[in-house]
Amino acid sequence: MVSVRPRLKLIEGGGKKSSEWLSPPSTVLGKSPFDNAAIMAYRVAPGDLRKHIATGRHQPILDLWWHVYGETPPVPGAERYSSMFADTEQGLHSAHACFRGIMRPVAEDDRGLDYAAFVTKPKVGFRYRPSMSCVIEPYDIPEDLLFLIYAHLDFPEGRAYQSKTGNRPVTNGVVTHWQLVECDPAEPLLPMDYEARFRRRYW
Amino acid sequence: MQTVAELTRFTPRALYYADADALEYVRIDEPVVYRRIDGLLTLILGIDERKPVGFKIKGFRNIYLRKLKPSLRDDNDHFLRMVTVFEKIMSEIGDGIFSDSSRREAYKAATNIAMEDQVIVSDLPNAA
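Protein chains in written order, with the working numbering: chain A, 22 to 224; chain E, 109 to 236.
In case anyone wonders, no lab produced these hints; they're calculated from the structure.
Where hints are given, some of them may not hold.
Facing chain A, from chain E, some residues (calculated, C-beta under 10 Å) [unchecked claim]:
1) Leu123
2) Ala128
3) Val134
Derived pair list, reagent style EDC-like, types lysine to aspartate or glutamate, alpha-carbon separation capped at 20 Å [to be verified]:
4) E/Lys159 to A/Glu129
5) E/Lys159 to A/Asp165
6) A/Lys72 to E/Glu138
7) E/Lys175 to A/Asp131
8) A/Lys142 to E/Glu138
9) A/Lys142 to A/Asp165
10) E/Lys175 to A/Glu129
11) E/Lys175 to A/Asp130
12) A/Lys72 to E/Glu157
13) A/Lys144 to E/Glu157
Cβ-Cβ distance ranges computed for the label pairs, FRET-style [stated by the list, open to error]:
14) E/Asp208 to A/Pro190: 42 to 52 Å
15) E/Thr192 to A/Gly68: 17 to 27 Å
16) A/Gly98 to E/Thr192: 39 to 49 Å
17) E/Glu200 to A/Glu100: 43 to 53 Å
18) A/Asp131 to E/Ser179: 20 to 30 Å
19) A/Ala62 to E/Arg117: 28 to 38 Å
20) A/Gly98 to E/Asp208: 17 to 27 Å
21) A/Glu216 to E/Asp156: 25 to 35 Å
22) E/Ile201 to A/Pro190: 22 to 32 Å
23) A/Asp161 to E/Ile136: 16 to 26 Å
24) E/Phe206 to A/Ala217: 14 to 24 Å
25) E/Glu157 to A/Pro190: 37 to 47 Å
In this text, a Cβ means the ideal position worked out from N, Cα and C, and glycines have one as well.
Just chain A, with the same shape it has in the complex:
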């Protein structure tokens, strides 16, 4: 029998702490799909986020901070934007409409039925523009655009209590992806083709 001695391998940077903007919070607060006056917590899917980071794509991560968490991306020099845009509304908690079912298969969910899509109407966004003072800059979002945040619901039928303990679950779903979309010309606060895009409207 041949014995193989394990080899020590140096992992470069293995102990280095990621900067704050690359380690966003694992949960985000937002409105409930079943009652827009109630607040629920959602997990943020880490896998696709890691892929954006690995490929050097800044924009989805900036969008996550600003359009999903509703916070200025925590990069050096960006602190002034928090006060500059203190009156603007963005983030999952500011959603004004919510739909159920995304009318396409998503992995194990054949009909995309367990997804909720939240609609927000942000006025500004951030993009990667390195300068002497900051690496990001704000830009005006065109009037015809909306922001969509998709969440896979743990309890799509509104089951609010865990059967064994009777307690409320800590989180109620996972935010999977987010994007800017065009609005419906007839109903500018709803996404284009919303009737074909979603199964029904929650609120």
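Given chain A, work out where chain E should sit, using these hints.
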């Protein structure tokens, strides 16, 4: 500590995003607009001129396992030409794609991007 500027330099790649179950290719690291074409294809447009800069194939895991993986020569094939992916998708849709001019043009625009950039898909969904 890694800062924004120190993030890996952006290089366009076709990537499979498992959480969203979508294959996405985008040429630019800029704000973009996602325009739904149908249940399979979303065109990605530049925010100002609204010209195509990428595409997203939705529900890609299902397409890959059902239509693409069986045609791979052996298990050692770990990449696909994006143009081949579009050919398979369009043959699946059939005549429906030719009866709607805007839908046809959208698929053409996405295929052109795949051809011009010689997009290769090496980031494939897991079978499990």
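We went through each hint and held it up to the structure:
no.	hint	in the structure
1	Leu123	holds, 6 Å
2	Ala128	holds, 4 Å
3	Val134	holds, 8 Å
4	E/Lys159 to A/Glu129	violated, 33 Å
5	E/Lys159 to A/Asp165	holds, 16 Å
6	A/Lys72 to E/Glu138	holds, 17 Å
7	E/Lys175 to A/Asp131	holds, 16 Å
8	A/Lys142 to E/Glu138	holds, 19 Å
9	A/Lys142 to A/Asp165	holds, 10 Å
10	E/Lys175 to A/Glu129	holds, 17 Å
11	E/Lys175 to A/Asp130	holds, 19 Å
12	A/Lys72 to E/Glu157	violated, 27 Å
13	A/Lys144 to E/Glu157	holds, 18 Å
14	E/Asp208 to A/Pro190: 42 to 52 Å	holds, 43 Å
15	E/Thr192 to A/Gly68: 17 to 27 Å	holds, 26 Å
16	A/Gly98 to E/Thr192: 39 to 49 Å	holds, 45 Å
17	E/Glu200 to A/Glu100: 43 to 53 Å	holds, 51 Å
18	A/Asp131 to E/Ser179: 20 to 30 Å	holds, 23 Å
19	A/Ala62 to E/Arg117: 28 to 38 Å	holds, 35 Å
20	A/Gly98 to E/Asp208: 17 to 27 Å	violated, 48 Å
21	A/Glu216 to E/Asp156: 25 to 35 Å	holds, 28 Å
22	E/Ile201 to A/Pro190: 22 to 32 Å	violated, 40 Å
23	A/Asp161 to E/Ile136: 16 to 26 Å	holds, 18 Å
24	E/Phe206 to A/Ala217: 14 to 24 Å	holds, 20 Å
25	E/Glu157 to A/Pro190: 37 to 47 Å	holds, 45 Å
Hint violations for this structure: numbers 4, 12, 20 and 22, all remaining hints satisfied.
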